[in-house]
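2 protein chains.
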Amino acid sequence: MANKEIPYKIYLEESEMPKYWYNLRADMINKPAPLLDPKTRKPMTAEDLAPVFCDELVKQELDDTTAYYEIPQEILDFYKMYRPAPLVRAYCLEKKLQTPAKIYYKYEGGNTSGSHKLNSAIAQAYYAKKQGLKGVTTETGAGQWGTALAMACAYLDLECKVYMVKVSYEQKPFRREVMRTYGASVTPSPSMETEVGKKILAEHPGTTGSLGCAISEAVEVATKTPGYRYVLGSVLNQVMLHQSVIGLEAKAAMDKYGVKPDIIIGCAGGGSNLGGLIAPFMGEKIKGNADYRFIAVEPATCPSFTRGKYAYDYCDTGMVCPLSKMYTLGSGFIPAGTHSGGLRYHGMNSTLSQLYDDGLMEAVSVPQTEVFAAAEEFARVEGILPAPESSHAIKVAIDEALKCKETGEEKTILFGLTGTGYFDMMAYEKFHDGKMVDYIPTEEELQKGFSYLPKMD
Amino acid sequence: MANKEIPYKIYLEESEMPKYWYNLRADMINKPAPLLDPKTRKPMTAEDLAPVFCDELVKQELDDTTAYYEIPQEILDFYKMYRPAPLVRAYCLEKKLQTPAKIYYKYEGGNTSGSHKLNSAIAQAYYAKKQGLKGVTTETGAGQWGTALAMACAYLDLECKVYMVKVSYEQKPFRREVMRTYGASVTPSPSMETEVGKKILAEHPGTTGSLGCAISEAVEVATKTPGYRYVLGSVLNQVMLHQSVIGLEAKAAMDKYGVKPDIIIGCAGGGSNLGGLIAPFMGEKIKGNADYRFIAVEPATCPSFTRGKYAYDYCDTGMVCPLSKMYTLGSGFIPAGTHSGGLRYHGMNSTLSQLYDDGLMEAVSVPQTEVFAAAEEFARVEGILPAPESSHAIKVAIDEALKCKETGEEKTILFGLTGTGYFDMMAYEKFHDGKMVDYIPTEEELQKGFSYLPKMD
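Line by line, the protein sequences give chains Y and X. Numbered per the numbering used here, the first sequence spans residues 1 to 457. Numbered per the numbering used here, the second sequence spans residues 1001 to 1457.
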């Protein structure tokens, strides 16, 4: 324990919590490309998006010039129920690895939703409520986002309708019950409640559903039900804006103790947690005020950054949502059944995609058996049982710490620990029983995914 | 929000964490009655207990004169990974109830084991390790204690053998996998690994086990395996000693802000969390330095305090453990299948029993449907999804706050929120579906339980 004065967990005072979200796009030299209308191929306007999203969220989505958004007091009050989240010095992991590196992680799993998703859920629910809406719809796969949204809606007395991929609905009844505890209605998707659901069920009787289908049902209900809008838990820039609270808190905690990270690591699925963690640090780097290495970690089964193309693509498999320019494997790419459901998205947030394309960020992909081995090693010494998604960051943080051991460098590593693994024990069981396999898509499979990319002439 | 300067969550600094456990027995005027040998009916000596428990823990168990035990540095370091636990001001619940009462809760569920059990698990594992032992055995029902012990043993590199009641082993595979993640071996009980297990299986083929049987197996293995001892997660006074860290932290946090509780409430199964929470406050009350109301909350299905007898009884259904003088329903009393497994114990910690008999503490029993209604109301406004056990305390805290609403009194209420309900969603599901029933034992059932009490002549 080299640095005696740094506690195991750094908690900011309530008065030190961020009062603004940071919109990294405002400080970027090359801005992310705009969303395009899938039919006209013209940039989406606020008017185009208003039937789907609340007005304030549309504004945030399209705004790449305002650097700071004041966090409304009601949201700050909600944040105070589970934030500030601790910045943890991983003394025990350092000791176990016998590394000279100093390892920190920002732990976002200490709330009932079990992940960082709550940071954006409360913001989106708040703006819906403020607009006088009655309720919101969304889709959920594994259930973390749906749980977070249900919690936020219960708090604000807003209706919450969740379309849950049918296979998850059946396999993860506990997640479903948590949402019901928070008063959400949870419908297995595809359902007979929507036109798109009926159509899919007619074409594919007995299907267990997909995230793309659940999105389509949620969007249909939101646009057809008076007083409803649709909300989304990742990928969008508004979500990354809200998630900047992660990075702002982490930076404030480090600044308080005079610590500067050399390497910042996060897992990347849709990109919002990684984007939120790195935002204030990246802002400094772009302005030339500091230098950091940023590493996005993605699953080998779904390597958007490391093996994808930077192109305009559909955000959803149903091809109804706007086109976004991003690193993508193609909206028709179906990743193998990995146990990190939160990272099984074919594309990547457009802001992160631009940063990666500009060489401001690195990316690596890792196979899941190595991820679970790292997760277990971490759990045994640091106590916290990590979510498989978050464990991608753990794996690479350990790798970097071991490199320091070889070279003797005392680097400071910061990574994002976004969630807990309580609801992923079936995956851990497979790992313990030696039944977990790695799957790396072939070139042919990738090419097939790319064939879904829209022609942009 | 009457008291603006008090944050939503009070975290002590690491330097403010308790460095001593408090042994309430030292300050009691009427000491709890000693453990008796079940055969000779003579007080158990350190020698008698040494084959079962580690030496240091035996000392703590028998010691009713030393008021403070210094917490070893290694245990303090482990505590720093998940402590200090927050003292939360329930602003949102107060607002919802529109009560003038000020409600606080000490939240012990924010660690991976999901409960306060970790506070004693690390202590017991530490003393086992220090004595040069190879491993420990224990039993677990729902799995919270087993998980906590597995985590502590993984940290100290100690072997951990858990006998898990077979029905839980099969119904709660996730709990089992968390323990395996922490390197514990988990055996469904009854098993063919022990003499007692073989005997029970021969007599009752196909039995799904019981806690009493699992205890007997764990004790047999501990006493027959060189370098092993048995450890227990509640009921014993050593456990209450370790759990005093809950009350000491809560009191330090309240003192820091000049807050004094009027009423202190905790759920009571074996009694260790309640005992730990109230210990420092009760010490003040006994010395005449302050006055508090203490309320133990137990399930209506298993009302040891409110309908039990104060008598010497067996601690286990197998009748092999020492006799303890306690409020008890009789070791043969089988409580109805409530969803608060952690509170389904026929007896009560001997120290708490003496305090209750001396009129220093009150007790109430509540039916489970009311407990789940309170749990859901709490979850929706305070964010945290509570364990059914902990929700007994929530129920009575809400009742007391509503009484304040009627009378206009601004009382300060403190309750213990000992754990999360992540692994209890099947119970919540029953509640949501209106399938949960209340069961209150009849006088006849109670008399049958009392018939198991040993004759003490």
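Just so you know, these hints were derived from the structure itself, not from any lab. You may find that some hints are simply not true.
[Said to hold, decoys possible] Once the Cα atoms are required to be at most 30 angstroms apart in a straight line, the calculated DSS-like pairs of lysine-lysine come out as:
no.	chain 1	residue 1	chain 2	residue 2
1	X	Lys-1039	X	Lys-1256
2	X	Lys-1095	Y	Lys-130
3	X	Lys-1095	X	Lys-1130
4	Y	Lys-166	Y	Lys-42
5	Y	Lys-166	Y	Lys-129
6	X	Lys-1031	X	Lys-1042
7	X	Lys-1095	Y	Lys-80
8	Y	Lys-80	X	Lys-1403
9	X	Lys-1287	Y	Lys-96
10	X	Lys-1031	Y	Lys-256
11	X	Lys-1042	Y	Lys-129
Verification of the hints:
1. X:Lys-1039 / X:Lys-1256: violated (50 angstroms)
2. X:Lys-1095 / Y:Lys-130: OK: X:Lys-1095 and Y:Lys-130 at ~20 angstroms, within 30 angstroms.
3. X:Lys-1095 / X:Lys-1130: Status violated; Cα separation ~49 angstroms.
4. Y:Lys-166 / Y:Lys-42: Measuring from Cα to Cα gives roughly 35 angstroms; hence the hint is violated.
5. Y:Lys-166 / Y:Lys-129: holds (29 angstroms)
6. X:Lys-1031 / X:Lys-1042: Distance ~17 angstroms between X:Lys-1031 and X:Lys-1042 Cα, so the pair holds.
7. X:Lys-1095 / Y:Lys-80: Between X:Lys-1095 and Y:Lys-80 the Cα gap is close to 15 angstroms, so the pair holds against 30 angstroms.
8. Y:Lys-80 / X:Lys-1403: Status holds; Cα separation ~28 angstroms.
9. X:Lys-1287 / Y:Lys-96: violated (46 angstroms)
10. X:Lys-1031 / Y:Lys-256: With Cα atoms ~49 angstroms apart, X:Lys-1031 and Y:Lys-256 exceed 30 angstroms; violated.
11. X:Lys-1042 / Y:Lys-129: violated (68 angstroms)
Hint compliance for this structure: hints 1, 3, 4, 9, 10, 11 are broken, all remaining hints hold.
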